[in-house]
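Colleague: Residue numbers (the numbering used here), protein chains in the order written: chain A, 55 to 210; chain B, 329 to 441; chain C, 27 to 117; chain D, 3 to 332.
Warning: the hint list may mix true and false statements.
In silico SDA-like links for lysine to any residue, alpha-carbon gap of 20 angstroms or less [what the hints assert, rightly or not]:
{"no.": "1", "chain 1": "A", "residue 1": "103", "chain 2": "A", "residue 2": "63"}
{"no.": "2", "chain 1": "A", "residue 1": "179", "chain 2": "D", "residue 2": "290"}
{"no.": "3", "chain 1": "A", "residue 1": "179", "chain 2": "C", "residue 2": "108"}
{"no.": "4", "chain 1": "A", "residue 1": "103", "chain 2": "A", "residue 2": "93"}
For the record, the hints were derived by calculation from the structure and aren't laboratory data.
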Amino acid sequence: MRYTLGMAGALALFWIINSGHYSPLLLALGAVSVLLVTWIALRMDVVDKESTPLHLLGRIGPYFLWLGGQIIASNLDLVQRVWRREPRYQPQVARLPLPQRSDICRVVYANSINLTPGTLTVELKPDHLLVHALSEEGIAALEAGEMSRRVSELDR
Amino acid sequence: MSAVLAILSGACLLLGSFLLLTGALGFLRFADFYARLHACGVTETLATALIILGLMLLSDSYLPPFKLLLILLFVLFSSPTASHALAKAAWNAGVRPRDNQGKRDLPLPAGER
Amino acid sequence: MLALTVITLLLVMAVALVRAFAGPNVFDRVMAANLFGTKTVLLIAAISYLYGSPEFLDIALVYALINYISVIGVLRVTELRNEQRGTKEGA
Amino acid sequence: MELLVNSVLLMLLVATAGALVVVRGLLASTMLTSVYGLLSASFFVTMDAVDVAFTEAAVGAGVSPLLLLLTVAAIGRGEPRAAGALPILAIVLVTITGALLIIGTLDMPPFGSADAPAHTHVAPRYLQLSGEEIGIPNVVTSVLASYRAFDTLGEVLVIFTAGVAVLLILATPGQRGSARPRYTPGSHSEPHTILQVVSKILIPFILLFALYVQFHGEYGPGGGFQAGVIFASGIILYGLLYGLPTVCRVVRPAVVETLAAVGVLLYGTTGLLAMLDGRPFLDYSVFAANPVLGQHIGILLVELGVGITVASVITVIYYAFANQFEMAEG
Numbered sequence: 055m056r057y058t059l060g061m062a063g064a065l066a067l068f069w070i071i072n073s074g075h076y077s078p079l080l081l082a083l084g085a086v087s088v089l090l091v092t093w094i095a096l097r098m099d100v101v102d103k104e105s106t107p108l109h110l111l112g113r114i115g116p117y118f119l120w121l122g123g124q125i126i127a128s129n130l131d132l133v134q135r136v137w138r139r140e141p142r143y144q145p146q147v148a149r150l151p152l153p154q155r156s157d158i159c160r161v162v163y164a165n166s167i168n169l170t171p172g173t174l175t176v177e178l179k180p181d182h183l184l185v186h187a188l189s190e191e192g193i194a195a196l197e198a199g200e201m202s203r204r205v206s207e208l209d210r
Numbered sequence: 329m330s331a332v333l334a335i336l337s338g339a340c341l342l343l344g345s346f347l348l349l350t351g352a353l354g355f356l357r358f359a360d361f362y363a364r365l366h367a368c369g370v371t372e373t374l375a376t377a378l379i380i381l382g383l384m385l386l387s388d389s390y391l392p393p394f395k396l397l398l399i400l401l402f403v404l405f406s407s408p409t410a411s412h413a414l415a416k417a418a419w420n421a422g423v424r425p426r427d428n429q430g431k432r433d434l435p436l437p438a439g440e441r
Numbered sequence: 027m028l029a030l031t032v033i034t035l036l037l038v039m040a041v042a043l044v045r046a047f048a049g050p051n052v053f054d055r056v057m058a059a060n061l062f063g064t065k066t067v068l069l070i071a072a073i074s075y076l077y078g079s080p081e082f083l084d085i086a087l088v089y090a091l092i093n094y095i096s097v098i099g100v101l102r103v104t105e106l107r108n109e110q111r112g113t114k115e116g117a
Numbered sequence: 003m004e005l006l007v008n009s010v011l012l013m014l015l016v017a018t019a020g021a022l023v024v025v026r027g028l029l030a031s032t033m034l035t036s037v038y039g040l041l042s043a044s045f046f047v048t049m050d051a052v053d054v055a056f057t058e059a060a061v062g063a064g065v066s067p068l069l070l071l072l073t074v075a076a077i078g079r080g081e082p083r084a085a086g087a088l089p090i091l092a093i094v095l096v097t098i099t100g101a102l103l104i105i106g107t108l109d110m111p112p113f114g115s116a117d118a119p120a121h122t123h124v125a126p127r128y129l130q131l132s133g134e135e136i137g138i139p140n141v142v143t144s145v146l147a148s149y150r151a152f153d154t155l156g157e158v159l160v161i162f163t164a165g166v167a168v169l170l171i172l173a174t175p176g177q178r179g180s181a182r183p184r185y186t187p188g189s190h191s192e193p194h195t196i197l198q199v200v201s202k203i204l205i206p207f208i209l210l211f212a213l214y215v216q217f218h219g220e221y222g223p224g225g226g227f228q229a230g231v232i233f234a235s236g237i238i239l240y241g242l243l244y245g246l247p248t249v250c251r252v253v254r255p256a257v258v259e260t261l262a263a264v265g266v267l268l269y270g271t272t273g274l275l276a277m278l279d280g281r282p283f284l285d286y287s288v289f290a291a292n293p294v295l296g297q298h299i300g301i302l303l304v305e306l307g308v309g310i311t312v313a314s315v316i317t318v319i320y321y322a323f324a325n326q327f328e329m330a331e332g
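Produce the entire structure from the sequences given, and follow the hints as far as they go.
Modeller: Encoded structure:
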């Protein structure tokens, strides 16, 4: 129920931000649309703690700030690799452990790896990730486990 | 005030454009499929964020910035996911990563083929 | 600056097109199409500011939402191919 | 600047078209088609044809590559190399037709000229009076759903007929002209955790955005056609990730097939209601004492009909196609 309400709330917010017209007719149509979509989403069985991660909301902010820093750093690294006369990179493939138990955290972890340029999740298996990286440093940084630890903390 | 905003937005747009060019260059120069995928990643995260931020600073009414924010949010959701889907599809189809000359296959962790 | 951004975007789109044409492998073309999609989102957003008509943003929003569906379609196609090959080998 | 953007986009468009002709391999062609769609949408945007751009965005770059992909999945990726010598007849025919078309454009008025027939016939009236007569900001919607509502009814019928035709051709044998999955394979061998979780978050927003486009057609770009396509692509995304049987359980084929007809009927009935009152077909002024309000209600109803039909027909076509390749798979 909590998740249903959360999703309906998010959808209503999406409608209001997009609409820009607040006549009674359009607001009523908006309410009907939100109800319809929520109903379809319930039928699709996509309303659960993964699609509406309310429990993460409090802790996700600081994580995104940290992730933003990582993204900028790895972008700068990639920029200097690309603009050399001879593009310099040493690709690596490695397996990483996947300690996160909940699907949402695994996805946050995998997509954080994807969002930082230079590392890319190729496969997400039940107990490990297959990661392709442009350099040994990229793999080493992931193996050091800071990102993994921070993602695990989200769920706690 | 608006002059400061204009300068800030110009800086964001300029940096974003530079990153876009970087990504395109990498996309053109890298020898291996997976490496090119990384180059796309550069252009898609930070450059998108910077350009959209630059545009947001240019708005004078309140609705467009919100829409831009939504666009940024959805791009940040979908672009890493698309990269992953693409890598997975290529892996499924038997494309294996190569070294930086695009000649030899990389050593894979034990158990992968 | 806006004009510069638009020109850069067009240039990047041209580069993506070169990749889409040159390949070498089919996934490079898929990647190029995907890159093209995100660049179109940005191009339409930038043009909407350049021409001063914010209603274009809706179109950019549509792309941002549905751009990645075709990549998922490609993933499904390769999977089906693998499954078919698997059943043939099994038989 | 505008000229530069337009000419670069057009050059890219021509290059893509050329590449489409040369490239072998159907998957590659499909991707180039999607690039072509994206480019034409950008081009329409720069020409200020926002509603057309919207349609192209949703159809040309969204749904049609997907349907092509499903076709590729069903028939395989290879394209046989044409055997034999150059297709001389085809080249001659294409050259002559192309030349005739180019000669034809010479008679057209210059681009944007104010005294072109298109701008002197009914367009001034639409532009000047639609504000008073219909009272909605988006003139395109006024023209489409009110002044030219009868034409639009024809277009909706075309879409409906296309859906029926696809069903007739691709119907599963023994199921009375319907394409429904016959068997229930187990869940996918490997779940797509990342894609499924992200799509779980995005699908409700795609669907709601479709409805937003549906109901704001009077104010901004969009309307029933675009909304229907976006809604259907949300459903197709769900189907791609969770499998055809699951999506058929959520959105039943029988319901979708009925809805395709309901949309057309809604449109037609709106028109008939006017006739019951002794007014011409599709004259919306009967719906309220105030004619402008009547126009509002009428446009909302017919756009809803369009949206329902388009969404249903595209979903039906997806079911029929997907059923085809899942049968090839099984």
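Colleague: Now tell me, hint by hint, if it's right for this structure.
Modeller: Here is how each hint holds up against the structure:
With a C-alpha separation of about 15 angstroms, the suggested pair residue 103 of chain A and residue 63 of chain A falls inside the 20 angstroms cut-off, and the hint holds. For the suggested pair residue 179 of chain A and residue 290 of chain D, the alpha carbons sit about 61 angstroms apart, so the restraint of at most 20 angstroms is broken. Note on residue 179 of chain A and residue 108 of chain C: the hinted pairing holds, with a Cα-Cα distance of about 18 angstroms set against a maximum of 20 angstroms. Taken as a hint, the residue 103 of chain A and residue 93 of chain A pair is honoured in the structure, with Cα atoms around 17 angstroms apart against an allowance of 20 angstroms.
In terms of the numbered hints stated before, the structure departs from hint 2 and from no other.
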